[in-house]
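Trainee: Okay, here's what each chain looks like letter by letter:
4 protein chains.
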Amino acid sequence: MTSTGVWLIGARGNVATTAIAGARALAHGETDTTGLVTAREPYSRLALPDVGDLVFGGHDIRERSLLETARDLSSNGVPSPDTVQAVAEDLRRVDRRIAMGAAINCGASVDDLADRGSLDDRLPVSEVVDRIRDDYRAFRRNHDLDRVVVVNVASTEPPLDDPDQYDTREAFERAVANDDRDLPASALYAYAALVDEHPYVNFTPSTGSALGGLRELAEDRDVPHTGRDAKTGETLVKSALAPMFAGRNLRVRSWEGHNILGNDDGRVLEDEANKAGKLASKGGVLDSILPDLEHNRVRIDYTPSLDDWKTAWDYVHFEGFLNTEMKLQFTWEGSDSALAAPLVLDLVRLIAHADERGEGGLQRHLASFFKAPLGVDEHDLSRQFALLDEYVDRHAREAAVE
Amino acid sequence: MTSTGVWLIGARGNVATTAIAGARALAHGETDTTGLVTAREPYSRLALPDVGDLVFGGHDIRERSLLETARDLSSNGVPSPDTVQAVAEDLRRVDRRIAMGAAINCGASVDDLADRGSLDDRLPVSEVVDRIRDDYRAFRRNHDLDRVVVVNVASTEPPLDDPDQYDTREAFERAVANDDRDLPASALYAYAALVDEHPYVNFTPSTGSALGGLRELAEDRDVPHTGRDAKTGETLVKSALAPMFAGRNLRVRSWEGHNILGNDDGRVLEDEANKAGKLASKGGVLDSILPDLEHNRVRIDYTPSLDDWKTAWDYVHFEGFLNTEMKLQFTWEGSDSALAAPLVLDLVRLIAHADERGEGGLQRHLASFFKAPLGVDEHDLSRQFALLDEYVDRHAREAAVE
Amino acid sequence: MTSTGVWLIGARGNVATTAIAGARALAHGETDTTGLVTAREPYSRLALPDVGDLVFGGHDIRERSLLETARDLSSNGVPSPDTVQAVAEDLRRVDRRIAMGAAINCGASVDDLADRGSLDDRLPVSEVVDRIRDDYRAFRRNHDLDRVVVVNVASTEPPLDDPDQYDTREAFERAVANDDRDLPASALYAYAALVDEHPYVNFTPSTGSALGGLRELAEDRDVPHTGRDAKTGETLVKSALAPMFAGRNLRVRSWEGHNILGNDDGRVLEDEANKAGKLASKGGVLDSILPDLEHNRVRIDYTPSLDDWKTAWDYVHFEGFLNTEMKLQFTWEGSDSALAAPLVLDLVRLIAHADERGEGGLQRHLASFFKAPLGVDEHDLSRQFALLDEYVDRHAREAAVE
Amino acid sequence: MTSTGVWLIGARGNVATTAIAGARALAHGETDTTGLVTAREPYSRLALPDVGDLVFGGHDIRERSLLETARDLSSNGVPSPDTVQAVAEDLRRVDRRIAMGAAINCGASVDDLADRGSLDDRLPVSEVVDRIRDDYRAFRRNHDLDRVVVVNVASTEPPLDDPDQYDTREAFERAVANDDRDLPASALYAYAALVDEHPYVNFTPSTGSALGGLRELAEDRDVPHTGRDAKTGETLVKSALAPMFAGRNLRVRSWEGHNILGNDDGRVLEDEANKAGKLASKGGVLDSILPDLEHNRVRIDYTPSLDDWKTAWDYVHFEGFLNTEMKLQFTWEGSDSALAAPLVLDLVRLIAHADERGEGGLQRHLASFFKAPLGVDEHDLSRQFALLDEYVDRHAREAAVE
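Same order as they appear, the protein sequences are chains A, B, C and D. Counting from 9, one number per residue, gives the positions in the first sequence under the working numbering. Counting from 9, one number per residue, gives the positions in the second sequence under the working numbering. Counting from 9, one number per residue, gives the positions in the third sequence under the working numbering. Counting from 9, one number per residue, gives the positions in the fourth sequence under the working numbering.
Since the hints were made in silico from the structure, they are not lab data. There's no promise every hint is true.
One copy or two, either will do: identical chains are not told apart, so a pair holds if it fits within one copy or between any two.
What the hints assert, rightly or not - With a straight-line cut-off of 25 angstroms between C-alpha atoms, the simulated SDA-like cross-links for lysine to any residue are:
1) K335 <-> H36
2) K335 <-> R405
3) K335 <-> P299
4) K335 <-> G291
5) K335 <-> Y399
6) K335 <-> T176
7) K335 <-> D152
8) K335 <-> G368
9) K335 <-> A404
10) K335 <-> R139
11) K335 <-> R141
12) K335 <-> R104
13) K335 <-> D61
14) K335 <-> L287
15) K335 <-> A183
16) K335 <-> H303
17) K335 <-> D58
18) K335 <-> V409
19) K335 <-> R259
20) K335 <-> R402
21) K335 <-> R275
22) K335 <-> M252
23) K335 <-> A407
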C-alpha cells in the first residue's frame with residue numbers, strides 16, 4: 009500500500025482536531041469505526057489506505073495547539089478524556105507540521121481568529137500561492153509520501169460576488185499574477201493543490217475548487233477533486249426525508265429549518281456575509297427534491313452555550329389526499345465535529361483511491377457526502393449512495409477480471 | 009379500458025369511506041390527486057384504470073351508513089363538508105352494495121362493532137365462504153365488471169397462534185370443509201377471492217392471504233395478491249430514515265416509537281391480542297434495516313380525543329464517531345384515513361394492471377406500500393420505490409416494442 | 009346592568025372578527041365559554057357585563073367585510089362553518105359601524121393593507137384626533153351606551169424612536185396641535201379615548217397609552233387603561249415555565265424561541281421595523297424571571313401556509329446540580345385568533361367593571377393578560393393570576409360588607 | 009450549629025451516590041450550588057445546616073462500592089471524572105458506614121439487585137426493625153451527631169394491597185410483633201426512624217411513612233416526616249404547566265406522558281407491580297389541577313442505552329375558544345440523579361431545621377418537592393413554593409422578634 013498524507017486547511021479547528029484525534033485513536037485501538045462510512049459493507053471492500061497510516065499536517069491562522077483544542081472539545085463531551093490522553097503525543101507531533109495559513113477574503117470574523125496575522129497580510133497573491141505550494145511539497149518530501157490529499161476544513165468564507173470572472177484557467181492564473189485581492193483564500197489553496205496534482209477535497213461551503221478555472225485545471229492535470237459543503241446533520245436528514253414526500257406524492261407546503269450551534273463555525277456564521285454561502289447549499293437540497301415546495305427557509309443561529317453541539321428543529325407542513333394538512337417535525341442533536349470528522353477520513357481514503365487509479369476530475373460518486381455536490385444534480389440520499397455502490401461494483405468487477 | 013370493481017372488506021370503516029369519497033370527489037373534480045402515488049411520474053405512465061371509473065361495494069358488520077361515517081370524519085377535518093356534500097349521492101349508492109360480513113376470530117373488540125351479528129354467527133365456515141363467493145360474483149355480474157379487486161381494510165385481527173397448520177392449499181381447504189373455527193375471517197375473505205381469481209390486497213396486519221395454503225392457491229390460479237399492513241405514517245418515516253443511519257454507519261442503540269390515535273382502529277388496538285400483529289409488522293422494518301439495533305420498541309395507544317388523527321413520537325438514540333451519543337426525535341401528525349385512502353386506490357389500480365397482464369402471484373414491486381411486504385425482504389423505502397420504478401420501466405420498454 | 013360598547017381599532021382583522029363572532033356565537037348559544045378567563049371561578053363571581061350584551065364597532069383601513077374575514081378564517085378551521093352561518097347577520101350589522109381609520113407611522117406593510125387610504129392621508133394630526141373622538145362619541149350616542157371601551161387590536165407598529173419626548177400630557181398635546189407627523193396612530197387612538205374618558209386597552213405591542221403623557225392624562229381623568237401586547241401563546245408558556253427553573257435554582261444558559269405564523273400579523277412582522285417592538289416585549293418576560301439568563305433569542309418568521317395558525321419551538325438549555333447540562337424543548341401549535349379573541353372579551357369585561365367602580369389609571373391586576381404589563385414588574389404567570397385573585401377577593405369582601 | 013447525620017436507605021444507588029458526591033464536591037469547592045433549592049433566595053436565609061457538614065451513612069442490599077457507582081455514573085456524564093477523583097476518599101469513608109439492609113416486599117426485580125441477601129431473609133420482622141434501630145443509633149453515637157435524618161432513596165416497591173389494615177399505630181405495632189410478612193421494607197425503615205424520633209423523608213413512591221399508623225406515631229412522638237415521591241422531571245414540568253391551562257380556562261382533553269429511562273430504577277419499573285405506585289403519584293398531579301381532564305395516561309419504559317438519563321415526551325391536546333383544538337408538546341431530557349440529588353440535600357436541611365425547632369408531624373411546606381405530598385392537596389408548583397415562602401417569612405418574623 010502506498011503512503012498518504014492529509015493536509016488540512018484549518019488544521020487547528022474542531023473538525024480537523026477531531027479527525028486527527030479519531031484517526032490516531034483508531035490506530036491505537038482506542039475506538040471503533042462507527043460513523044466511518046468506508047468501514048461498512050460494501051465500501052470496506054475497496055482497497056483504501058488504512059486510517060491508521062494517514063500522516064497529518066496543515067495550515068492554520070491560529071496558534072492554539074491541537075491538544076488544547078482537543079481538551080476544550082473533551083470538556084464538552086467528545087473526544088473522551090481517555091481518548092485525548094491516548095493521542096496526546098500524536099497531536100503534539102502533528103502540531104509541529106502546521107504552517108501559517110492565509111485568510112484573504114474570509115471575512116472579519118475569521119480575521120478575528122488569527123492570532124499572529126496570516127500569509128496574505130504581507131505577501132502578494134502569487135507569493136501566497138507559492139508559499140502554499142512549497143508547504144504542500146515540503147510535507148510530501150519530509151514524510152516520504154506517495155500522495156498528499158488537501159482538505160479544506162476552514163471556517164466558511166463569504167461567497168464571491170462574481171465567480172464567473174474566474175471561469176477559465178487562464179483568467180484565474182492571470183488574476184493570481186496581477187495580485188487580484190478579490191480572490192478568496194480557499195481558491196488559492198485549491199489552486200496550489202491542483203496545479204501540483206494533489207487531490208483536493210472541499211469540505212466547506214467556501215469557493216474552493218468550484219470556480220470554472222479550477223475545474224478546468226483539474227481536468228487538464230487529471231487530478232481528482234470533490235466538494236462542496238459536507239452533509240453532516242440537518243441537511244443529511246432532509247435528503248433522507250424529502251424523497252419520502254416526493255415518493256408518496258405528498259405536497260410539501262412549507263419546510264422550516266432552524267439550526268443552532270455554539271462553536272467557532274457558529275460564531276463565524278453570525279456574520280451575515282459568511283452565512284450566505286452556507287444557506288445557499290442547505291436550501292438547495294430541498295429545491296432539487298421537491299421542486300414545487302412553496303416555502304423553504306433555513307436559519308442558522310449562534311448559541312454559545314452549545315459549544316460544539318448543534319441542534320436543528322425542522323417543521324414540515326404538507327398536504328395529503330383530499331387536501332388534508334399534516335405535519336412532520338424533527339429535532340436533531342449532534343456533535344458537529346463527531347459528525348464531520350469521520351467523513352473527512354472517508355473522503356481522504358476515497359479520493360486517494362481514485363488518484364491511485366488515475367480517476368481525475370470531479371468525483372461524482374462522492375455526492376452523498378455533500379450538500380452541494382460538484383457536478384452532480386442528485387440530492388436524494390439513497391440515490392447518492394447508489395452512485396457509490398455502483399463505483400464499488402465497478403471496481404469489484406475490474407478486480408475480479410484482473 | 010376494462011371496468012374494475014373494488015370490493016372492500018370493512019366497507020363502512022374510515023379508510024374505506026375516505027377512499028370511496030375521495031375517488032368520487034376526484035371524479036367530480038372536487039379535489040386533486042395529491043397523495044396518490046400512481047398519479048405521479050413515472051407511475052402515471054402506466055395504463056391504469058381511471059380512479060373515477062372504479063365501482064365500489066363491500067362487506068361490513070356495521071350498520072352505520074357511509075354518509076354518517078363521512079360526516080363524522082368531516083367534523084374532525086377530513087373530508088371537508090363541501091366534499092361530503094358533493095359525494096353524498098355516490099355514498100348512498102355504494103351503501104346499497106354493502107353486504108353483511110363475517111367476523112370470526114377478529115377478537116372481542118371487533119365483535120363489539122357488529123350491530124346485527126355477522127355471517128359466522130349462524131353458518132359453518134364452508135357456508136360463510138360460499139356466501140362471500142356469491143357476494144363477489146353478484147357484484148361482478150350486477151355491475152358488468154371485467155374484474156373485481158378485493159381489498160381488506162377491516163380492523164386488525166389478533167394474530168393466529170399456529171399459522172403453519174394451513175401451510176398447503178389442501179390443509180386450508182380441509183379446514184374449511186371441517187368447519188375449523190380457528191380460521192380467521194380475513195383468510196376466508198382472501199380464500200374466496202383467490203379461488204375465483206379475484207385479485208386480492210391485504211391492507212391490514214391481519215392474516216389475509218399470507219398463509220402458505222393461500223399463497224399456493226394464488227400461484228395455482230395465477231391470480232395476483234399483495235399485502236400486508238399498509239405503510240402510512242410512522243413506519244413510512246422509519247423506512248425513510250433508518251437507511252440514513254445504516255448508510256452513514258451510525259450505530260442506532262435505541263429506537264422508541266410511541267403512537268397515539270383515536271379512531272375505531274385505535275379502540276380495537278387497545279385489545280392486547282389485536283395489537284400483537286400490528287406491533288410485529290411495525291417492529292420488523294427496523295430489524296431488517298438495522299440488524300444491530302439493541303432496543304426497538306413500538307407502542308400504540310388509544311387516545312379518544314384525537315378521533316381519526318394519529319400522532320407518533322419517535323426517539324432515536326444513536327452513536328457516532330468516537331462513541332459520541334446523539335439523538336434524533338420526530339413527531340408525525342396525520343389523518344389516518346387521509347394517509348391510507350389514496351394507497352387503497354393506488355393498490356387497486358396497480359393490481360388491476362397486473363391482473364390484466366396476467367401477472368399472477370405475489371406482487372413484489374408493490375413492497376413500498378407495506379410494512380411487511382409479502383415475499384420481499386426489502387424495507388428501505390428508496391429501494392422499494394426502485395422496485396416499482398423497474399416495473400414501470402419494464403412495461404414502458406414492452407409497450408415501446410409493441 | 010349598564011350597557012357596554014366595544015370599539016375595536018383594527019376591527020376587520022382576524023382577532024377582532026373572531027372576538028365579535030365568538031361573542032355573538034355565545035349569545036346565540038352556539039359555543040361555550042372555554043378559553044374565556046372571566047368565565048371561570050373565581051373571576052366569574054365579579055359583576056361583569058354579559059358577553060352577549062356587548063355592542064361592537066370600530067375603525068379599520070381595510071374594506072373587506074367581517075363576514076368575508078370570518079369565512080377565510082373558517083376555511084382554516086376557526087370558527088366552524090356552522091358558527092359563521094349563525095352569526096352572519098350579526099357580522100353584517102357590525103360591519104355598518106366600522107369607520108375609516110388612521111395608519112400614521114404604522115409602517116409600509118400596514119400601509120399595504122389600506123384599500124382606500126386612511127384618515128391621516130388627508131388630515132392634520134389634530135383633525136385626525138377630532139375625527140376619532142367624534143367616531144367614539146357617535147357610537148356611544150347612537151347605541152345609547154353607558155360606556156365605550158376602546159381596544160387596540162391593529163397590526164403592530166414599529167416602535168417610536170424617542171418616546172420620551174411625549175413624557176408629559178402637555179408635550180403630547182402640543183405635538184398634536186403642531187401636527188407632529190412622528191406620532192403613531194395607536195397613540196392618537198389612545199389619546200382620543202382617554203381625553204373623553206373611554207376606558208382603553210392596548211392588546212398589541214404598539215405604543216398606545218404607554219407614553220408618559222398619556223399615562224398622566226389617564227390619571228388626570230381617572231380613566232382606566234391597560235396593556236401591552238396580549239400574552240396568548242409562546243410567551244404564555246414561557247411565563248409558566250421560567251419560574252419553574254428559577255424555583256428549582258436551575259441555571260438557564262440559553263432560551264431559544266422560534267415562532268412561525270402565517271396571517272396578516274405575520275406578514276406585517278416580516279418587516280424588521282414592525283418586528284422590533286414585538287421582540288422587545290417577548291424577550292422581556294424571561295429577562296425578568298431569569299435575570300442570569302446568558303442567551304435569550306426570540307425569532308418570529310412568516311410562513312404563509314400556516315394562515316392563522318402559529319407554531320413555536322422553544323429550546324431551553326439549562327444546568328443543574330454538579331453542572332449537569334440538560335434540555336427542555338416544547339412546541340406549541342395554536343390558532344392565533346382563537347387564543348387572542350377571548351382575552352379581548354375578558355379585558356373589556358374587566359376594564360368596564362373597573363370603570364363602573366371608578367378605578368381609574370393603570371389596572372395592575374390585569375398583568376396576567378400581557379407580555380409587557382404597564383406599571384407592573386411581575387412576569388411570573390402564577391403571581392400575575394394571584395394579583396387578579398386578590399382583586400376579586402377585595403371586591404367580594406366589599407360586596408359582602410354592603 | 010448542631011451536627012446532622014444523613015442515613016440513606018438505598019445508599020449505594022445512583023441518587024444516594026450523587027447526593028453524597030455532590031455534598032462532598034461542594035465541601036471541597038469543586039462545584040457550585042446550582043440546582044440546590046435551599047441555596048437560593050429567600051430560602052437561603054433560613055438557619056440551615058451546611059451541606060458540607062452533613063455526615064452520611066445508610067443501608068443497602070448491594071455490595072458495589074460508592075466509588076464504583078460514581079465511576080459508572082461518570083462514564084455517562086455526571087459527575088465529571090474530576091469530581092469523582094476529588095471525592096474518592098470521601099466516598100470510601102462513607103462506604104464503611106453502609107450496613108446490610110432489608111428488601112421485604114420490594115418485588116422480584118429489587119431482589120435481583122441483592123448481592124448477598126438481605127436482613128429479612130433470616131430474621132423475623134420485629135428483629136429486622138430492631139436491627140435497623142440499632143444501625144440508626146450506632147451511626148448517631150459513633151459520629152456524635154445531634155440528629156439523624158433518615159431518607160428513603162431505595163428503588164420503588166410495589167404498592168400495598170390493603171394499607172388500611174395498618175391505619176393505627178397499635179395495628180402496625182401488632183403486625184410487627186406477629187411477624188406479618190406483608191409489611192414492606194420501606195415502612196419498617198420509617199417505623200424504626202419515627203419510633204426513635206429520627207426525622208424521616210420518603211423520597212420515593214414506596215409506602216414509607218404514609219400508613220395511618222406511622223402518621224399517628226409521628227404525631228405522638230412529635231417527629232417531623234415528609235414525602236412522597238420526589239418531583240424531579242416530567243411531573244415537575246406538568247405541575248408548572250397544567251395551572252396555565254386551568255388559569256386560562258383552556259380545556260385539556262388528553263395529556264399523554266411517555267417516559268423512558270435506563271438506570272436501575274428504570275429496570276425495577278419494568279416490573280408492572282413496582283410501576284403501579286409510580287404511575288399513581290405521577291397521574292395524580294394532573295387530576296388535581298385539571299379535574300375535567302378526559303384522558304390522562306403516563307407510561308414509563310425502560311430503555312437501557314439511556315443509562316442514568318431520562319427523556320419524557322408529553323403531548324397535550326386542548327381546546328380553546330370556539331372549540332378550537334390545539335396542542336402543546338414538550339420533551340424533557342435530564343440526568344435522573346443530577347435532578348434528584350440536590351433535592352435530597354434540600355429536604356435533609358429543611359427537615360433538620362424543623363426538627364431543631366420542634367415542628368413535628370407532616371411538613372406541609374415541603375409540598376413543592378413531591379409528586380404526592382403527604383397531607384397537602386396542592387399540586388400547583390407556584391402555590392407549593394408559596395407555602396415554603398410563607399414558612400420562611402414566618403421564621404424570619406420570629407427571628408426578628410427574638
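Trainee: Would you mind marking each hint as holding or not holding in the structure?
Mentor: Quick rundown of the hints versus the structure:
When the C-alpha separation of K335 and H36 is checked against a cutoff of 25 angstroms, the pair qualifies neither within a copy, at 46 angstroms, nor between copies, at 28 angstroms. Taking identical chains as interchangeable, the C-alpha atoms of K335 and R405 are never at most 25 angstroms apart, the minima being 45 angstroms within one chain and 38 angstroms between chains. In this homomeric assembly, K335 and P299 come within 25 angstroms of each other (Cα to Cα) only inside a single copy, at 19 angstroms, whereas the closest approach across copies is 29 angstroms. Taking identical chains as interchangeable, the C-alpha atoms of K335 and G291 lie at most 25 angstroms apart whether they share a chain (19 angstroms) or sit on different chains (23 angstroms).
When the C-alpha separation of K335 and Y399 is checked against a cutoff of 25 angstroms, the pair qualifies neither within a copy, at 37 angstroms, nor between copies, at 31 angstroms. In this homomeric assembly, K335 and T176 never come within 25 angstroms of each other (Cα to Cα): the closest approach is 46 angstroms inside a single copy and 45 angstroms across copies. For the identical chains of this complex, K335 and D152 are neighbours neither inside a copy (56 angstroms) nor across copies (42 angstroms), given an alpha-carbon limit of 25 angstroms. When the C-alpha separation of K335 and G368 is checked against a cutoff of 25 angstroms, the pair qualifies neither within a copy, at 44 angstroms, nor between copies, at 38 angstroms.
In this assembly of identical chains, K335 and A404 lie within 25 angstroms of each other by CA distance neither inside one copy nor across copies; the values are 43 angstroms within and 35 angstroms between. In this assembly of identical chains, K335 and R139 lie within 25 angstroms of each other by CA distance neither inside one copy nor across copies; the values are 54 angstroms within and 43 angstroms between. Taking identical chains as interchangeable, the C-alpha atoms of K335 and R141 are never at most 25 angstroms apart, the minima being 52 angstroms within one chain and 42 angstroms between chains. When the C-alpha separation of K335 and R104 is checked against a cutoff of 25 angstroms, the pair qualifies neither within a copy, at 52 angstroms, nor between copies, at 37 angstroms.
With identical chains, the CA atoms of K335 and D61 are never at most 25 angstroms apart, being 47 angstroms at best within one copy and 32 angstroms at best between copies. For the identical chains of this complex, K335 and L287 are neighbours both inside a copy (23 angstroms) and across copies (23 angstroms), given an alpha-carbon limit of 25 angstroms. Taking identical chains as interchangeable, the C-alpha atoms of K335 and A183 are never at most 25 angstroms apart, the minima being 50 angstroms within one chain and 47 angstroms between chains. Within a single copy, K335 and H303 get their C-alpha atoms as close as 14 angstroms, and across copies as close as 23 angstroms, so both meet the 25 angstroms cut-off.
In this assembly of identical chains, K335 and D58 lie within 25 angstroms of each other by CA distance neither inside one copy nor across copies; the values are 44 angstroms within and 29 angstroms between. Proximity of K335 to V409 under the C-alpha cut-off of 25 angstroms is found in neither arrangement, the shortest distances being 51 angstroms within a copy and 44 angstroms between copies. In this assembly of identical chains, the alpha carbons of K335 and R259 lie at most 25 angstroms apart whether taken from the same copy (11 angstroms) or from different copies (23 angstroms). In this assembly of identical chains, the alpha carbons of K335 and R402 never lie at most 25 angstroms apart, being 41 angstroms within a copy and 35 angstroms across copies at closest.
Proximity of K335 and R275 under a CA criterion of 25 angstroms is satisfied inter-copy only: 22 angstroms between copies versus 32 angstroms inside one chain copy. When the C-alpha separation of K335 and M252 is checked against a cutoff of 25 angstroms, the pair qualifies both within a copy, at 13 angstroms, and between copies, at 21 angstroms. Taking CA atoms no more than 25 angstroms apart as the test, K335 paired with A407 passes in neither setting, with 48 angstroms inside one copy and 40 angstroms between copies.
In terms of the numbered hints stated before, the structure departs from hints 1, 2, 5, 6, 7, 8, 9, 10, 11, 12, 13, 15, 17, 18, 20, 23, listed from lowest to highest.
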